[in-house]
Amino acid sequence: MTGVDVASIRGGRRKKFDYRKLVFQLIFLLPAVAFLVIFMFYPIEETFRMSLMQTAALREPTFIGLENYQRLFASAEFRKGLANVLAWAFWSVVIQLPLAFFIAFSLVAHSNKLAGKLRVVYYLASIMPSAIVAMLGRFIFAPRFGVIATISQKLGWEWLGNVDFLGDPNKVFWSLFAVATWAYMGFKIVYLMANMEQIPTEIREAAELDGANRMQYALYVVLPMVSYPMRILAIISTVGSLKLFDVPYLLTQGGPVYASTTLAIILYKHGFVNWRYGRAAAVGVIIFLLSLFFSIAQFSMQRKGGEFE
Amino acid sequence: MKNIDLITEEQPTRLRSFGRRRRLTVSELLVMAILIVLALAVVLPLLLPWFFVFKTRLEFAYDPWSIPRRISWTNFKEAWTAIQIGQGLINTFKVCVGAVLCTVPSSAMAGYIFARYRSRWTEVIFYIVLMGYFVPVHMVLIPLYQLNSKYGLVDSIAGVFLPMTAFGIPFWTIIYRSFFRSLPGDLADAARIDGAGHFDVFIRVMLPLAKPATVLATLLVFIDSWSDYLLSLIMINDQKLFTMQLRIAQFMNAYGTDHMPRYAAAAVIAAAPTLILYILGHRWILQGTLAGALKG
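Chains B and C, in that order, are what the protein sequence lines are. Start counting the first sequence at 231; every next residue gets the next number (the numbering used here). Start counting the second sequence at 82; every next residue gets the next number (the numbering used here).
So here's chain B without its partners, still in its complex pose (with noise of 0.2 Å):
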């Protein structure tokens, strides 16, 4: 299709070499380019060199090859904060896929005006700023005034009142991942409706006349077809999970100690407050491989499929 010759088509002969062809290539090419090669392929391989070298203030950076990786893999911190990101995709994939399946297909399932307006709800909650997001979590989890806190004072429930749902370390990973669900299922519910409508109409009279019910349509038949989608949402959260900052910093700061941290918290406060460059690359560069390793794990693990077309 785009492969039209357009020159042989107007002069009948063809041209050796289309030079303006190439050139406007290039030229269109060049901004999205540089950019990238700028500001981020440059910085990845700084960061693999940096992630070498021990710096310190005031001195010239020495390098010492895998000092910094032992020294993280050796604090307790640093596991911690990976234990929690792995856990979070965990989580992530096995608790708001489903549900997200749920919800995208009873909306299409049900089409009427009130699905319609429902979806626009949902979406809702994902276009807030984390700064918000933060906000309104510090309304409903603290302790005192807290939404919760308010509701079983009322209600004399104390077992409830009294839990420090953002201070206890044994909480705060949950209530974390209430707010993050709160926050980003929108997106995957929008993602999988707008997959599940491409079904054509057919193949749900098929299943009708099959004498299938909606549950068994659900799951035999819109499952599979949406498995593709489904893979991509799961990369997206596995990825999203190994770079999560923004609610846990803005709530918790990674604590009480260091309960609730994450990787991008350490990089933080290695980099930007203790300015340690070395340590902080390395904790960088583990992040992108371990964001290469399970978006290449989760493709290969089945690469067609899922397709209709």
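Simulated from the structure, these hints should not be mistaken for laboratory data. Don't be surprised by glycine CBs; every beta carbon is placed ideally from N, CA and C. Possibly wrong hints are sitting among the right ones.
If the Cβ cut is set under 7 Å, some of the chain C residues that face chain B in the computed set are [stated by the list, open to error]:
1. 112
2. 126
3. 146
4. 198
5. 217
6. 223
7. 225
8. 244
9. 279
Beyond 12 Å from chain B on every Cβ pair, some chain C residues (computed) [what the hints assert, rightly or not]:
10. 137
11. 139
12. 149
13. 151
14. 233
15. 320
Given the structure of chain B, go ahead and fit chain C onto it with the hints provided.
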């Protein structure tokens, strides 16, 4: 690789209600009820600040969650001066405009080449750009900061939106590429035969056809950069250049619960622009262009 773009607004909704002729069953009503409860769970937290914004500090301390007795805009006025909201809004607005102006044209141009001038070398560059989609900005924060400080971009608005652009380009290039590929090629070919140059074809024929993608990109890049926290946190130390999100975060940590009414008022103002954009543009945002393009 065939992608499905929902270009038209009125897209034929398939998979219409399963078994439409039947009456609503109990289970269907139950599902609908669950959906409504979940929708309320999304909306209700967004209403929480409104309990506070009309209250004085005393009223708030006495009973934070009572229904406000009167509507007074004092907190908004005080927040406006105390948190310097005007300045924060202008700074954030500059970041957003910069990000849109850099991201959208670069992505449209690159996406166009990848869609309509396919050759071995453009495909190679496309895959390199595609890899950028999986690189988290968090990984390169340190070198980015050093790069910016070397060229005087720390404590500048450009220092925030230039890296933001680089990390937005891969995604929007993918979107534009699949959008341009879904357009019929005949028009462009006809224009070429009539003697229009490569550039003319793009500006006069193809770009106007890609308007839905451009509207979507502009809206979402704007909303995303409005919400940015991390890049501004790292690149901006000068209070005069603080973005809205930095102001909110700073206020939250500095005053705790004491000044909650004022803080809630500031948050309401900070959320307003994206909310308005979403209400005006939700048809474009929810259209499914994103979903279609990500399949490709």
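How the hints compare with the structure:
1. 112: 5 Å, holds
2. 126: For residue 126 of chain C, the interface hint holds, since the closest Cβ of chain B sits about 5 Å away, which is under 7 Å.
3. 146: 5 Å, holds
4. 198: 5 Å, holds
5. 217: 4 Å, holds
6. 223: Hint on residue 223 of chain C: holds, closest Cβ of chain B at ~5 Å, below 7 Å.
7. 225: 5 Å, holds
8. 244: Holds: closest Cβ of chain B sits about 5 Å from residue 244 of chain C, inside 7 Å.
9. 279: 4 Å, holds
10. 137: Per Cβ check, residue 137 of chain C is outside 12 Å of chain B; nearest 15 Å; holds.
11. 139: Nearest chain B Cβ is 14 Å from residue 139 of chain C, so the label holds.
12. 149: About 15 Å separates residue 149 of chain C from the closest Cβ of chain B, which puts it past 12 Å; holds.
13. 151: 21 Å, holds
14. 233: 15 Å, holds
15. 320: 16 Å, holds
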